[in-house]
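Participant: Chains as they are written, first to last, in our numbering: chain B, 2 to 618; chain U, 2 to 618.
Keep in mind that a hint or two might mislead.
The list cannot tell twin chains apart, which means a pair is met if one copy fits it or any two copies do.
Derived EDC-like pairs (lysine to aspartate or glutamate); straight-line CA-CA distance at most 16 Å [claimed, not checked]: (1) Lys231 - Asp474; (2) Lys217 - Glu588; (3) Lys616 - Asp47; (4) Lys139 - Asp281; (5) Lys242 - Asp57; (6) Lys304 - Glu398.
Simulated from the structure, these hints should not be mistaken for lab results.
There are 2 protein chains.
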Amino acid sequence: MFKGGYTGKILRVDLSSLSAKEEKLPDALVKNYLGGAGFAIKYLYDELKPRTPALDKNNKLIFAVGPLTATGAPCASRMAVVAKSPLTGAVGMALSGGQFPSEMKMAGYDIIIIEGRAEKPIYIAIKDGKVQFRSAAKIAGMMTTDTQLFIKEELRDQNYRIACIGPAGERRVLMACIVNERRAAGRKGLGAVMGSKNLKAIAIRGTKRPAIADAKAFKKARAAMLKNMKDSPVLYPQFSKAGTPMVVDPMTEMGIFSTKNWSATGQISMIKGLGRETQDTMIINRNPCNDCPVGCSQVKMVKNGPYAGYLSEGPEFETTYSLGSTVGVDYLPAVIAADRLCDEYGIDTISAGVSIGWAMELYEKGILTKKDTGGLDLKFGNHAAVIEMLRKITYQEGLGALLGQGTKKAAAKIGKGTSDYAMQIKGLEMPAYDIRGAKAHGLNYATSYTGADHNRGYAFQEIFDIPIPEKVDRNAIKGKGRLTKWNQDTRAVTCDCATMCAFLLDMAVPAVACQNTADLINAAAGTDFTSAEIEKIGERLNNTARLFNIAEGFTRKDDTFPKRILTESIKAGASKGQLISQKDLDEMLDEYYMERGWDKNGKPTPAKLKELGIKTR
Amino acid sequence: MFKGGYTGKILRVDLSSLSAKEEKLPDALVKNYLGGAGFAIKYLYDELKPRTPALDKNNKLIFAVGPLTATGAPCASRMAVVAKSPLTGAVGMALSGGQFPSEMKMAGYDIIIIEGRAEKPIYIAIKDGKVQFRSAAKIAGMMTTDTQLFIKEELRDQNYRIACIGPAGERRVLMACIVNERRAAGRKGLGAVMGSKNLKAIAIRGTKRPAIADAKAFKKARAAMLKNMKDSPVLYPQFSKAGTPMVVDPMTEMGIFSTKNWSATGQISMIKGLGRETQDTMIINRNPCNDCPVGCSQVKMVKNGPYAGYLSEGPEFETTYSLGSTVGVDYLPAVIAADRLCDEYGIDTISAGVSIGWAMELYEKGILTKKDTGGLDLKFGNHAAVIEMLRKITYQEGLGALLGQGTKKAAAKIGKGTSDYAMQIKGLEMPAYDIRGAKAHGLNYATSYTGADHNRGYAFQEIFDIPIPEKVDRNAIKGKGRLTKWNQDTRAVTCDCATMCAFLLDMAVPAVACQNTADLINAAAGTDFTSAEIEKIGERLNNTARLFNIAEGFTRKDDTFPKRILTESIKAGASKGQLISQKDLDEMLDEYYMERGWDKNGKPTPAKLKELGIKTR
């Protein structure tokens with residue numbers, strides 16, 4: 002029998018009336034959606050009227066931490082941020098880590114639901130359950146680091162942790178992100194939603210660690226988890242030292258590190274400038290999330306040359322691609338500078354870089370000219386132009402105003418076949434893995450409820466050659482439907498609902514992720530989840546999100562790829578000749594839908610919904 | 002009879018052995034030197050062997066707060082930072098405000114004396130009397146804001162206040178400053194001294210407000226002070242709203258806002274771009290020092306255009322000159338950006354801007370060419386070139402390596418008569434007031450123990466037309482000796498020793514500054530200073546500093562002006578035709594020395610030293 006022992010509450014904030022009230026966390030919600038993204042997406046599905054424009058005041062912006070956040074469980078100081086995405090029109094969900102999530106939990110909240118729109122820019126200050134609405138007039142337009150410094154001074158308490166938007170979010174740039182400390186809920190334009198609500202920041206301070214239901218069991222589960230982590234051949238020996246850029250070299254060797262807007266993957270090696278050897282020389286520190294013994298986040302700093310003094314918590318692997326290889330830049334100091342500027346402006350590094358890379362290809366093809374770029378010589382490799390274009394995106398100047406809407410909308414406006422080169426799915430720009438040489442990655446990009454998103458069902462099997470749940474050939478088509486479902490469901494529940502770090506799951510506990518999650522949560526919260534129930538929650542979440550998207554008009558035809566993927570093979574390197582034809586895609590989709598219990602159009606069947614206990618709206 | 006009731010102690014830190022010990026504050030020190038700069042310069046004079054090179058490990062870097070810091074007295078959260086200056090070779094003394102000084106006092110210290118040199122870069126963390134030495138390996142090269150953020154995270158306590166150097170100080174750039182929060186002990190290269198000691202930062206946290214000896218008397222003295230402030234026609238109505246840039250317009254109207262390296266003062270009006278009307282539009286907030294009800298510090302931010310997002314706590318009036326008018330830039334957003342970058346790099350805005358302005362004049366005269374500038378088109382008004390040159394100064398690249406040594410040393414290296422245009426005295430670059438039209442300012446620049454320094458004896462009488470101690474004609478020569486002595490002595494004790502804010506004294510209590518200071522300190526510390534004794538302390542300090550400089554080789558010939566001041570009159574505007582001839586200077590110096598009881602060479606007579614109770618070394 003289910004016992005729900007969560008200690009947190011829901012804070013529902015109405016910005017239109019500047020009021021807030023607390024709600025109890027329903028047991029059924031805990032049982033069926035576990036936490037984090039599960040909670041947030043369930044609320045979004047239940048409460049947001051279909052076809053509400055994403056920047057309408059009726060959109061909801063929901064922050065939700067996990068049941069293990071701030072409990073002392075390793076690597077769970079993370080939160081999901083959810084709204085309807087203005088970039089994709091689908092579910093917008095992004096995770097962030099750092100300190101804010103723990104602070105939110107210690108302030109007493111599992112979920113904060115932001116509704117309505119403030120009349121003037123404001124920020125919210127929350128301290129142990131006390132909510133204040135404060136004018137953001139003074140901080141309008143402010144960069145994210147300065148914003149955080151400012152609010153700490155204004156509140157005369159340096160201990161607040163702050164999630165905020167930069168100038169991009171305030172201007173509702175569709176690829177704006179939400180930044181806390183130097184982390185970001187980066188993708189899908191959630192910063193624009195926050196901006197549309199006239200909400201500059203949430204400052205939060207909590208002093209109470211959540212109670213642990215069964216301290217002895219928790220200690221045991223935690224020790225088991227830590228042992229798994231210690232036993233991992235990758236986690237501490239590699240990942241803790243190099244962070245995500247540890248895969249730049251192997252991905253390049255595998256020929257799937259996308260380059261120059263995916264036109265030159267495998268052809269040129271940017272390994273010298275962007276690879277691990279160079280990255281490692283610029284690391285100055287690790288900056289772990291709260292309660293994380295791994296500390297993958299590598300702080301890097303440029304010590305000399307034109308970008309001297311720039312520091313970023315990164316670049317991560319993905320940013321090494323988006324502000325590096327895909328814009329043809331292999332000068333890491335420029336990537337670090339661009340990364341920092343994205344964080345300060347509050348824009349998603351992936352969408353920004355990929356959009357600029359796309360514009361570079363158009364410029365090199367002559368479709369865009371200097372007249373369009375405002376005189377910028379927008380050819381691949383011009384890092385000064387990349388940096389200037391980030392500013393133009395943020396301040397919506399010239400071509401930047403167009404690129405800030407993402408490649409899908411920009412291509413629709415430019416026309417001239419430019420959408421063929423727009424590396425996006427459902428409007429979300431594609432991450433680094435060239436899916437032509439990693440088919441499960443491809444199917445995941447195509448079917449993720451958020452668009453081209455590597456995090457919603459990351460096929461680690463293709464990357465690390467780990468035979469869990471089974472051995473995988475990265476270029477095979479068959480079997481990818483089943484694999485993708487498994488990846489998506491386990492990741493949805495462990496990473497997105499339980500808000501355990503994705504890397505931990507890939508590298509330390511892939512085989513026992515759900516059991517491990519169940520053990521920790523049961524001990525912490527006094528619940529009695531089984532491993533099977535945990536996995537089911539992941540499936541339930543993916544179906545719920547799918548229903549949301551269907552109601553927004555998404556169909557099978559949106560589970561697809563840009564033309565380049567379908568028709569143009571990788572030209573060089575270890576994945577030379579690979580593509581995913583329409584036939585391959587159809588075959589993968591058919592298998593995937595079948596595995597999911599969805600019909601041929603990708604719609605969950607009544608039987609599946611019944612099995613999962615999902616009531617449609 | 003003197004009763005010394007100070008509650009603080011001295012912390013003496015030896016970086017060579019990474020050890021620290023506490024010393025009691027000697028009563029005689031309190032009685033004769035009061036606090037702040039008095040304490041620090043007395044220690045420097047007593048303990049530093051003459052002719053010690055400023056970047057030698059035996060130089061001492063001394064931080065000293067005032068007797069009123071953190072007591073709740075208005076506008077006293079300030080500190081003096083003192084060392085032998087590597088820029089001038091004279092006493093280097095600069096003040097900073099903000100939060101750090103109060104934190105230092107609350108941690109239990111009136112003085113921190115830093116000696117020796119750490120073997121590797123370190124920082125010092127001090128919490129309520131507990132001292133830790135920590136490696137600064139990770140933060141080597143880091144900008145000042147990031148440094149402060151980093152240290153708070155590393156110490157796991159967001160409440161530390163931090164004084165640090167940026168990359169410029171680490172590289173011992175001779176115009177490097179020390180930054181706490183966004184304030185700076187800006188001038189005379191004290192950041193280079195800190196860098197030479199391998200000391201990246203001092204983080205300090207104190208939780209104990211100092212005890213007040215006589216709470217009732219203190220309340221009364223404080224109320225009297227606050228009333229004086231309230232009665233000022235300028236302090237709240239103007240200064241609190243606009244800060245120091247309130248004088249850009251009147252100084253321009255008086256024809257003494259120095260422009261284009263002093264070659265075009267009065268000729269062109271940069272008022273539209275740099276004046277108050279423009280400045281006011283960019284203010285987003287005030288950021289007062291601790292316990293300050295005025296809050297002159299105006300935080301400004303650029304909201305759009307090429308410098309969008311740049312925020313600085315400033316630019317102050319002086320920076321409006323140094324990174325604005327004297328480099329021919331009247332685009333305030335560029336000044337704000339340059340100001341912020343100086344703070345991040347940790348370089349003095351005045352010396353940096355004036356040095357660049359000098360190089361611009363040489364470039365326009367053809368003495369420097371693009372070959373020298375590394376291709377930069379270094380003409381007046383090119384703000385992008387100013388910003389790039391700040392980077393070159395910091396990282397000692399090309400011409401920047403030369404300019405970073407200040408105009409005196411740079412001119413000596415370039416030769417070709419370039420020293421004629423080097424706007425410096427004793428190696429310190431000149432502040433904004435074109436002294437040709439403000440003679441007491443001139444005499445003060447010439448005789449200040451720190452070099453061309455407006456703050457050591459600011460002639461507010463010439464600027465604000467306040468007849469205290471008497472009515473003054475700004476272009477008269479006669480009487481400026483006596484006036485300058487009075488200005489220097491009252492300011493030395495009230496601002497530099499008591500660390501009361503200079504602006505307060507100019508605008509609120511010029512006639513009663515010493516009495517006011519005595520009343521507050523006597524109440525706070527249980528001392529029994531009279532107003533006359535207070536003024537005497539100022540004189541004692543100026544004589545002590547003079548003795549220090551004489552031992553370093555300074556003589557009457559160093560109390561002089563650049564050739565331009567002596568031979569070239571202001572060409573236009575309300576001060577057209579003005580200069581200070583050698584004869585004028587000699588006349589002023591003779592009067593000044595006589596008023597001071599110094600001989601014709603500017604050396605204190607034995608009688609004067611006896612009167613002041615100063616023992617020479």
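Participant: Against each hint, give a clear statement of whether it holds in the structure.
Facilitator: Status of each hint after checking the structure:
1. Lys231 - Asp474: neither (28 Å within a copy, 79 Å between copies)
2. Lys217 - Glu588: neither (49 Å within a copy, 87 Å between copies)
3. Lys616 - Asp47: Answer is within: at 10 Å inside a copy they meet the 16 Å cutoff, but 84 Å across does not.
4. Lys139 - Asp281: Between copies only: 13 Å across, 39 Å inside.
5. Lys242 - Asp57: neither (43 Å within a copy, 38 Å between copies)
6. Lys304 - Glu398: Classified as between; 13 Å across copies, 31 Å inside a copy.
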